[in-house]
Every structure is written in structure tokens, then in C-alpha cells.
Amino acid sequence: MNNSNPNTDASANVPASSGELVHLYRTMVKIRRCEEAIARLFNDGLVYGTVHLSIGQEAVPAGFCAELRASDYLTTTYRGHGWALAKGVSLDGFIAELFGRETGICRGRGGSMHLCDMRVGLIGASGIVGGGLPLAVGSALAAQVRGVDAVAVADFGDGATNIGTFHESVNLAAAWRLPVIFVCENNLYGEFTPARDTCLLANLADRAAAYGIYGEVVDGNDVEAVRAVAAEAIGRARAGEGPSLIEAKTYRHRGHSRNDPGRYRPQEEVEAWLARDPITLAREKLTRAGAWSDEADLELNQSIESEIARAVEAAQAAPFPLPADVAEYVYREPSEAGSLVYNS
Amino acid sequence: MLSYREALREALAEEMRDDPTVIVFGEDIALAGGIFKVTEGLRSEFGADRVRDSPISENALVGAAVGAAAAGLKPVVEIMFADFLANAFDQLVNHAAKLRYMSGGQLQLSLVVRCAHGGGIGFAAQHSQAATSWLLPFPGVKIVAPATPGDAKLLLKAAVRDPDPVLFLEHKALYGMRGPAPDADEPVPMLGTPVVRRVGSDLTLVALAGTVGTALTAGEQLAVDGIECDVVDLRGLVPLDLHVVVDSLRRTGKLLVIEEEPAQGGWANLIVSRIAQQAWPALRSAPRVISGSVSPIPYSPPLEQAYLPQVQTIVSAGRELAGAGAR
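Chains A and B, in that order, are what the protein sequence lines are.
Mapping to this note's numbering: the first sequence position 29 is 29, numbers consecutive.
So the mapping is simple: this note's numbering equals the position in the second sequence, first residue as 1, plus 1000.
No lab work stands behind these hints: they were computed from the structure.
There may be inaccurate statements among the hints.
Covered, in the sense of this in silico footprint (three residues per stretch, anywhere, with C-beta under 8 Å from a C-beta of chain B), are these stretches of chain A [said to hold, decoys possible]:
1) 57-65
2) 112-122
3) 172-180
4) 196-205
5) 257-269
6) 321-331
Predicted model only: the values in this text are computed from it and were never measured.
The C-beta atom is built at its ideal place from N, Cα and C for all residues, glycine as well.
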């Protein structure tokens, strides 16, 4: 059992105004270390199929999830590891799922692109571009029908704003005034294609006006700015004022997926964004405020790395699902009717 | 006695009275009561939160039903015509069918997608698809298609109560059909259990939804020739227990399947294949299949009738099958 809690330990002695930033920083570092570990584990053959890393984009899930409750709903994308961790998915269950083990949060049935953990309101990551948006809208509908102030966040990328489901979902949420926040992480590329080649808008949040809802652009690498915008959008939704479209400008440090070296992006562009690494920016701010130190950073990273190492060890030792169970969990109420036994 | 549409309306109203988590939404279903008047009266009884008119956005509507079900409601979403399921295909096959499995069983998605399906009233190719076989390649969604008012009521109640996603297909040519109402204490059936609508020992006719009535009419005509038919109404395709069909074949040995779908992509092949694989000794001659024509559904009335399985075609096939020697 891990007794050191990265979320609380080093923040006891910092000024109150920096306490929240410390928490956000810890979340981002945890995501970063996990994603780097997953990249190594993928090369080692322990993580199967494919992975889409969110290195460089940590500030968006960290900022938003700091304002969400476990009872709020979230849908994300195939690049959703950071959101899953920030929403509170257990590291052990997450790593085991990527290893395809029965102890994974989805019992190995879903994998990297389809994380689901209903204990923390994560309805699902969808591998289909735009696929999570109607799900988030539906969970917001449930909250509205029930009369509770839960909200739903739909996370998606710039490319998703061009698919039909985006338009249908945002319009439906607007027409029914649903408590859903649409969060667009614009990392300037839809897979291998620059966003500017597939859409005339420089700011995707401008689309909000087309549906009659609130839209705003935020610097997706400034975690405090993200959190402030998130708090307002979530507050509006909880108060019954309907949906928002938030566009977070950000950048992924690595390629689209593990097999992509990312050579379609100009070197100057990559370097400029690397210089605005959200984790570096937050650490510099904390250091200037006297709220952080090299020692604290070392302690944080060591604690996270050992947590990851323990999760990897547990996952490696965990069993795979039984082949005989391949058709389990399709239906909640399966029927014997599927099989026909003929007795002559 | 009640009509098929009244039966559906009663089923929805009764389930909504019993369970506050049941909600209904779709295009024109609330204020107008639905294009086929199935949902008439629900808005005034249950209010605007639970009975909603929606924009024309099929993929988002089905996806919203999935999301609401994930959050614990029991949504019943209407997709006006089964043909429009094509606009919702991603949320049906990549999400409704797969999310529970991909979640390792965390999600319980108790939702119903209701559509008007089938041809015969001149709505032409884009508003007449039978569509019962559309989701067969995607385990995870159940498929129900009632052929009588009594079944319309009981099977819709079963579908609403079912903890899994259900595609519920209402034949548009049957909305006005009248039939006996279920008894007040009649239990809601388990999905997947076919019923025998007519009893006979010479032939086994297997039909679903729009072809059940045609098969029964053919059965009456064959009886004049002294050929007595079992007519089995499958009531749906997933789940599906074929013991009723096998038991019938043990008596008749002769199988005649009648589907509205075009011959290249319906459900009849599924039945014939499963019977051949699992009940081969029961068959005494080659099975026969009568399907819709291999074309979209035509507009002109004689062509539309030529598309659909005809009573005469079934009668001729039945005579040949009855006269065919046993193996």
C-alpha cells in the first residue's frame, strides 16, 4: 500500500494561493510519467495493439478534472489516458487494462482506446472520432431528467469538430439546454493532417455561436487558465445555463500514435511548443512563488515512479482473461436461447 | 380488442407509470404524438422532461440514449423509419452494441430503439426497409419484431424492461391491425421465444413481422388442398431459441422460411443454416426460402407487391414441398 500521496504531501507548507497549482502540477506530472512509462512498455511488448500518447497536453485534463466530482460524467478519446488518470481511475487498474489482464478496469476487453470506469464517472473513451459526444450529451440528459446538478464533459480533438456527430451533439445539447461541457483539445493536427487544411476557422470555439451557446478559447498549456475556464463552464452547466464549447490550444509532443515519428510537423513549430511545456511552465511559476523546490520535485517523481513500478509488477503477474470467457459481458441478461441443442 | 398502435402506446404508458427512469424522445413524438400516433398522450401524462421532441439528428439521438442508459435511465428513442438507422449506424454498432463488452461488464445499457419498418403501403425505397437483419453481425443489441397487437404490447414491455439495448421494429403496415389484448395477468414473455400461430403436421412455415400474416393466409389456402401447416412467428432474431421450430420439424420434416428482406441479405439464411447444422436428421427434404426481391423496394403498387413475398408464391412452394419425396 502506497502511503505517500502525491496530492497532499508536499503542499502542506506552501502559500494557500499556490496550493491549487501544486495539486494541478502533481496531476500533470503523474500523467507525464505514466505516458512515458507506457511508451517504454509498448516497446517492450507488454502493451498491445497501439497507444496514442497525450504527452504535452496534460494541462487540459488536469485543469478540468480538478473541477469535476466523481459523480460527474466524462467521455474522452483514444488519446484519453491523461483524462482517465485525472478523473481518478486507479493506476493499477489502468496499467493492467493496457496489459490486457483480467484485473484491468475493463477486464482486458477494452484496452487503451476504450477505458471505462463508472466508479469515477468515466463512461468511456471512444475509438471513433466524435463517438463520445452523444454519450456525454445523454448522461447530461439523465442528470437533467433526474434534477441533479451533475454535469458531463465531452473531450475531443480538433478533427472531431468536422464530423457530423459533433454538430448533432452540440446542437442537441443546446436545444435541450443540457449540462454538458464540450472540450476541444486543438493540437493543430487531425492525425497527420494540419487542422488548417481541413477547416477554415482559426478558432474552433467560434463554432459555438452557430449553435447559440457559449464558446471560449483558452491557452491549453496554462493549467491555471484552463482550470479557471473550466470552473466557469462547469458552474454555468450546474446552474442550468446550458452547454459551453471550450477550445484549448495545445500540442502533442510525440506522433499521432506509437508508429508515427511525426515528421509532418515543422521543426520550428515543434520546438516553440516544447518550450511551452505545460509542466515546465507550472513548475517555473511555483518556483518563482517560493512554493516548490528541486527536492519536492525529486520526491514527487520518485513517488510516482515507484507507484508505476508497483502497478507494472502487479499487472505482469496478473492473469489474462480465460479464452473460454471470450463471449462474456456482451449482454447483461444473456439468454440460453442463443444455443440450440438437438437431441435425436 | 385493440390496435397494434394502441398496444404500443399502452405498453409505453404502463412502463412509464411504473418506472420513473423510462423516458421517450424522438422526432415529432411529443407534441404531435408521433408520425404514426404511437406516442399520443404521453406528453400530457408524463410531461416535457420525460417526453421530448428532438432535432433531426439520428446518430446523436441513439448516442444520447446510450449515454442516458449508461447514467442509469431507461431511454426509449424513436428513429422514425428503420431506413434512418443508417444515419445512426455508428452509435448503434460501435457504441450501443460494444460499450458494455469493452467496459468489461461495468455498463448496463437498458435502452430501446423503436422504428417503423417494412413495406407494403407505398412509402418506396427509403422508407420501407425491413431492416431486421441489419444488426446481426453485431452481438450486443437484441432484435424484436412483433406481428400482432398482443405481442406489440407484451414485447415492448419486455424490451423496455430488458437490461440490454433492444432494436424494436414495428411494422408500419400493421399499425391499424386489431387483435386480442393480452390478459391483465399475462406475463411479459422472455425475449427470443417464437410462438406457433397455426398448427399442422405437413409443413413448417417460419415467418417474422410482416410475413407472419402472409404465411397464415397461405396456410389457410394450403389447408383447402389438405396440406396442414405449422406457422411459427419468430417474434425477433436476437436472442432466438429455435426449439419450437425443431419440434415442429420433427413432425413435418419440411421447412419453408418466408422473409421480407431481399434474398441476398435477410435472416432466412440464418435459420436454414442453423437448422441444417444442428437439426439435420429432422429434415426430410431440402428447405425452401421465399424472400423479397433482390432490389430496393419499388414505388408502383404492382411492383411493390411483386417485391414482397406473395401468398400465391408461398402456396405454390408449399404444394411442391408437401409433394416432395422424403430423403
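How the hints compare with the structure:
Here's how the stretch 57-65 of chain A fares: 0 of its residues keep a CB closer than 8 Å to some CB of chain B, so the rule of at least three is not met and the hint is violated. Taking a C-beta to C-beta cut-off of 8 Å, the stretch 112-122 of chain A contributes 4 residues in contact with chain B, enough for the three needed, and the coverage statement holds. Counting residues of the stretch 172-180 of chain A whose C-beta sits closer than 8 Å to any C-beta of chain B gives 3, which meets the bar of three, so the coverage hint holds. Counting residues of the stretch 196-205 of chain A whose CB lies closer than 8 Å to any CB of chain B gives 0, so the stated coverage by that chain is violated, three being the minimum.
Note: the stretch 257-269 of chain A has 0 residues with beta-carbon separation from chain B under 8 Å; the three-residue rule is not met and the coverage is violated. Only residues whose beta carbon comes within less than 8 Å of a beta carbon in chain B count, and the stretch 321-331 of chain A has 5; three or more means the coverage holds.
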